[in-house]
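K.L.:
First to last, the protein sequences are chains A and B.
Taken in order, the first sequence gives residues 1 to 119; the numbers are from the working numbering.
Taken in order, the second sequence gives residues 1 to 110; the numbers are from the working numbering.
Take the hints with a grain of salt, since some may be wrong.
Below are the SDA-like pairs computed for lysine to any residue, each with C-alpha atoms no more than 20 Å apart in a straight line [claimed, not checked]:
#1 B:Lys44 to A:Val5
#2 A:Lys43 to B:Ser54
#3 B:Lys68 to B:Ala45
#4 A:Lys76 to A:Tyr108
#5 A:Lys52 to A:Ser31
#6 B:Lys68 to B:Lys44
#7 B:Lys44 to A:Lys52
#8 B:Lys47 to A:Leu114
#9 A:Lys43 to B:Lys68
#10 B:Lys68 to B:Ile18
#11 A:Lys43 to B:Ser67
Hints listed in this document are in silico derivations from the structure and should not be mistaken for laboratory results.
Below, each chain spelled out in residue letters.
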Amino acid sequence: EVQLVESGGGLVQPGGSLRLPCAASGFTFSSYWMHWVRQAPGKGLEWVSRIKYDGITTNYADSVKGRFTISRDSAKNMVYLEMNSLRVEDTAVYYCARGAMGFYYFDYWGQGTLVTVSS
Amino acid sequence: QSALTQPASVSGSPGQSITISCTGTISDVAGYNYVSWYQQHPGKAPKLMIYDVSNRPSEVSYRFSGSKSGNTASLTISGLQAEDEADYYCTSYTTSSTYVFGTGTKVTVL
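Looking at chain B on its own, in the form it has when it is part of the complex:
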C-alpha cells in the first residue's frame, strides 16, 4: 500500500487561507468517505482535526475544514494563525481493511 501523496510544504501569511491536498486511489480515498486529518507539533502526538472527510470534532477550530473530490481530499485552514504551524497528515481506510497515511505536509506561517 503506497502512501497517499501530499505536498511537502505549504506556507501562508497570518490571516490567509491555505489548502493541503491528499491524493490516493480507488482503493482508499476514492473508495470511502473515511479520510481523516491530523495535526502534529514537533515532539508531540498527532491530534485529530477532521474525520469522515469533512467532519470537525467539537474542540477543533471552525477555521479547519475538509472536502473530497474523486481520489483527492483536501484540508483548508482559513484565517491562518501562528499556532497552526505544524505537520499535517491525511489518512484513509483501504479496501484491504488497513489504513494508509499521507506523506505529510509542513505548514509554515510566514
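Chain A with its partners taken away, still in its complex shape:
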C-alpha cells in the first residue's frame, strides 16, 4: 500500500525556517517524481515544487523560488522541503504527493502538515 506521511509542521515566526520531511513507503521510491502542494486555510491548492527521481532536477513555483529547496534521500525513502525566509502568506497545509510514473498528475497524497507563520 502506497503511503506518504508528512511531518515537521508547526508555528514559526516570519523570517524563520522550517524543514518538512515526507516519508514514503509501499512503492519503488527511486522511480518517481515527488511533489509538494500547499493549501492556505480556506483557500485553494497551490503547487509548490517537484523533484525528479534522479534527485537532481527540480522545479519551483515563482512564489517560493529562492526561498524553498526540495531534496530527497532515496536510501531513506524520504523527500524534504526546506523553507527559509518564511512569510505570513506561506501559512498552509503542506501536502506531499507522488507524481504518476510517466504522466503529469498526482496519484497519491499524504494527509498534510500545517505550517503557521506568525509573530
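Position chain B against the provided structure of chain A, taking the given hints into account.
P.N.:
Okay, now just chain B, sitting in the frame of chain A:
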C-alpha cells in the same frame, strides 16, 4: 503563473448533471493534454478523479468525465449524488515545467 479560472460554485439536484469549467492559456491548458481533476472533501487530502483531460482511474465512478476544447477543460458529473458534494480543482502542466491549479469550485447537491 496565474491560477486557472474555475467558477466559485456549482449546484445541482440529485440525479442531475453539472459541468465545471477550467480556463487557462496556451502555456498550460491549451498547450498540453495534461489536465487532471481532484476532489477534496473538508479536512481531507485531494483525490484524483480525471487525468490527461479525459481518462478516469479505475476506482472512480463512471459518472465523472472530462473533456477539453482550446484553453478550457471541463469536468462533468452525471447522476449527481450527495457524496459528490465537495471542492473540485483542475490542474495543468505548464510550459515552465511547473504545474498550476485552478481556483477551485464548490459543488453543492441541493
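K.L.:
Are the hints correct? Go through all of them and say.
P.N.:
Going down the list of hints, with the structure as the test:
1. B:Lys44 to A:Val5: Holds - the C-alpha atoms of Val5 (chain A) and Lys44 (chain B) are around 14 Å apart, at most 20 Å.
2. A:Lys43 to B:Ser54: violated, 26 Å
3. B:Lys68 to B:Ala45: violated, 25 Å
4. A:Lys76 to A:Tyr108: holds, 19 Å
5. A:Lys52 to A:Ser31: holds, 9 Å
6. B:Lys68 to B:Lys44: Judged against 20 Å, a Cα distance of about 27 Å means the pair is violated.
7. B:Lys44 to A:Lys52: Since the Cα atoms of Lys44 (chain B) and Lys52 (chain A) sit roughly 26 Å apart, the hinted pair is violated (cutoff 20 Å).
8. B:Lys47 to A:Leu114: Holds, at roughly 19 Å.
9. A:Lys43 to B:Lys68: Violated. Lys43 (chain A) to Lys68 (chain B) sits at ~25 Å, over the 20 Å cutoff.
10. B:Lys68 to B:Ile18: Given that 20 Å is the threshold and the Cα spacing comes to 15 Å, the pair holds.
11. A:Lys43 to B:Ser67: Not satisfied, since the Cα-Cα distance of roughly 25 Å exceeds 20 Å.
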